[in-house]
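Colleague: Chain by chain, the residues run as shown.
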Amino acid sequence: MEGVSYARMPRVKIRELKDDYAKFELRDTDASIANALRRVMIAEVPTIAIDLVEIEVNSSVLNDEFIAHRLGLIPLTSERAMSMRFSRDCDACDGDGQCEFCSVEFHLRVKCMTDQTLDVSSKDLYSSDHSVVPVDFSDPSNHESSDNRGIIIVKLRRGQELRLRAIARKGIGKDHAKWSPAATVTFMYEPEIHINEDLMETLTLEEKREWVDSSPTRVFEIDPVTQQCSLLNYGFGYALFSAFIGNAIVNSVHNSKLLSLSSSRIISRTNSKEWCLTFIVMVVDAEAYTYDDEVLKKAEAMGKPGLVEIIARQDSFIFTVESTGAIKASQLVLNAIEILKQKLDAVRLSEDTVEADDQFGELGAHMRGG
Amino acid sequence: MEIGSHSDQSKSTFCLVDEDHTFANPVRFTLNQDPRVTFCGYSIPHPSDNRVNIRVQTTGDPAKEVLKDGCQELMHVCQHVRGTFDKSVNDFKRTKTNTEQNMDTK
Numbered sequence: 001m002e003g004v005s006y007a008r009m010p011r012v013k014i015r016e017l018k019d020d021y022a023k024f025e026l027r028d029t030d031a032s033i034a035n036a037l038r039r040v041m042i043a044e045v046p047t048i049a050i051d052l053v054e055i056e057v058n059s060s061v062l063n064d065e066f067i068a069h070r071l072g073l074i075p076l077t078s079e080r081a082m083s084m085r086f087s088r089d090c091d092a093c094d095g096d097g098q099c100e101f102c103s104v105e106f107h108l109r110v111k112c113m114t115d116q117t118l119d120v121s122s123k124d125l126y127s128s129d130h131s132v133v134p135v136d137f138s139d140p141s142n143h144e145s146s147d148n149r150g151i152i153i154v155k156l157r158r159g160q161e162l163r164l165r166a167i168a169r170k171g172i173g174k175d176h177a178k179w180s181p182a183a184t185v186t187f188m189y190e191p192e193i194h195i196n197e198d199l200m201e202t203l204t205l206e207e208k209r210e211w212v213d214s215s216p217t218r219v220f221e222i223d224p225v226t227q228q229c230s231l232l233n234y235g236f237g238y239a240l241f242s243a244f245i246g247n248a249i250v251n252s253v254h255n256s257k258l259l260s261l262s263s264s265r266i267i268s269r270t271n272s273k274e275w276c277l278t279f280i281v282m283v284v285d286a287e288a289y290t291y292d293d294e295v296l297k298k299a300e301a302m303g304k305p306g307l308v309e310i311i312a313r314q315d316s317f318i319f320t321v322e323s324t325g326a327i328k329a330s331q332l333v334l335n336a337i338e339i340l341k342q343k344l345d346a347v348r349l350s351e352d353t354v355e356a357d358d359q360f361g362e363l364g365a366h367m368r369g370g
Numbered sequence: 001m002e003i004g005s006h007s008d009q010s011k012s013t014f015c016l017v018d019e020d021h022t023f024a025n026p027v028r029f030t031l032n033q034d035p036r037v038t039f040c041g042y043s044i045p046h047p048s049d050n051r052v053n054i055r056v057q058t059t060g061d062p063a064k065e066v067l068k069d070g071c072q073e074l075m076h077v078c079q080h081v082r083g084t085f086d087k088s089v090n091d092f093k094r095t096k097t098n099t100e101q102n103m104d105t106k
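Chains U and W, in that order, are what the protein sequence lines are.
In case it helps, my numbering puts the first sequence at residues 1 to 370.
In case it helps, my numbering puts the second sequence at residues 1 to 106.
Just so you know, the hints here were simulated from the structure itself, not pulled from any lab data.
Ideal placement from N, C-alpha and C gives every residue a C-beta, glycine not left out.
Any given hint could turn out to be false.
[Said to hold, decoys possible] Here are the simulated lysine to any residue pairs, SDA-like style, with alpha carbons at most 25 Å apart:
| id | chain 1 | residue 1 | chain 2 | residue 2 |
| --- | --- | --- | --- | --- |
| 1 | U | Lys-328 | W | Asp-91 |
| 2 | U | Lys-23 | W | Lys-87 |
| 3 | U | Lys-23 | W | Glu-19 |
| 4 | U | Lys-18 | W | Pro-35 |
| 5 | W | Lys-96 | U | Met-113 |
| 6 | U | Lys-341 | W | Arg-82 |
| 7 | U | Lys-23 | W | Pro-47 |
| 8 | U | Lys-174 | W | His-21 |
| 9 | U | Lys-18 | W | Thr-99 |
| 10 | W | Lys-96 | U | Met-200 |
| 11 | U | Lys-341 | W | Pro-47 |
| 12 | U | Lys-341 | U | Gly-171 |
| 13 | W | Lys-87 | U | Asp-28 |
| 14 | W | Lys-93 | U | Asp-64 |
| 15 | U | Lys-341 | W | Lys-68 |
| 16 | W | Lys-93 | U | Arg-80 |
| 17 | U | Lys-18 | W | Asn-90 |
| 18 | U | Lys-18 | U | Arg-8 |
| 19 | U | Lys-18 | W | Asp-86 |
| 20 | W | Lys-87 | U | Glu-79 |
| 21 | W | Lys-93 | U | Thr-186 |
| 22 | U | Lys-328 | W | His-80 |
[To be verified] Here's a subset of chain W near chain U, in silico, CB distances under 10 Å, partners left out:
| id | residue |
| --- | --- |
| 23 | Thr-22 |
| 24 | Ile-44 |
| 25 | Lys-96 |
Construct all of the structure, not just a fragment, from the sequences and the given hints.
Modeller: Following this line, the structure appears as structure tokens:
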């Protein structure tokens, strides 16, 4: 038995954390583990969703199965899901999968009495368990209008009625997407960007600006770095300098007496004071880089192929997790790890019996060269 | 989840039912890190069948044991990630409330 762990232990750092959104870094691990985490988050973390609908009255414009389908897709708060049993595994109920341990009952009774169109929304669904309710998407701040709350299921006209009873069960995204708790889970390789300073020096300001702008997302920016600078306020000189931000630089320089405009430096002289500006291209947001090679292609087109080197670090990932609201984003990640551990346990423990069965006759025959 | 193995204990193919890339790829990676493993790979015979074959060949230890150890190792990694994530969340929440308090008192 291996006593010493030969695998590297990953590190996690959280960047952003809201109720339904989490952004974190996962380092010192392999893409296969990061991908496994992502796949489990999407497809195998259990939630609760409406699975059986008994319709008593439906005189709306949508037919029964249409409404049942819509009800299934409504996200329900599923904190209980990890501890619930699957209906098929439940031995407490009498076979119909509707007992209190494995299911939650909802009912909806609406009738439109007024001339105004009645919106039947998820707010009208009443649950038998107050911990499992349709997710409330309203903004926590008070000045959000109360009209836009709840997912609209159907709209009713005067005289139309909808009465139904629904059973919600535990399930996983693999069976049906309504049970997936993740709106989207993505991870990207962390980029490492190295700018070749020497090559960058040979570019003019215009070329630099062109190159920086060729990136569809704002990864680089030109920054004027002043050398021997004294930011004193004497009249024209000060006004000139304070205008040195962004593109105004080139224009405003023309106002002063330009001594020289070399490839990347502007030396100007006003009021007998000199200062020299060097424009450097710096990385302002490395993670905005989407691995499109636009900046590389532009560098080649400009005749400077080694201008920048961008490497995707193979062991550093930035995860973005957005949840539907059924489970909190941080809880989603924790549940995913839990499910992965359960899978590993299942395989480990089932190894105790060796079965070279008839089922594997084919595999066995193939292996034996049959 | 079942096993198909043969006369030589150090080389065998494990056929897992109801599993896919989600499980097999990390296990494959972890086993490849193990110095006792000479070969480890997985394949999915047909995407419509929910089966995955993991092939393990070792330097002498029984392949079953090595697979179990690999799963164990991966479990430790998962535990560690979980603990680190929990700690990170708590740290983040703490620094957030600290900055909010600082902003309130200022």
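Colleague: Hints numbered earlier in the text: which of these fail when held up against the supplied structure?
Modeller: When the structure is compared with the hints, numbers 3, 4, 5, 7, 10, 14, 18, 24 turn out to be violated.
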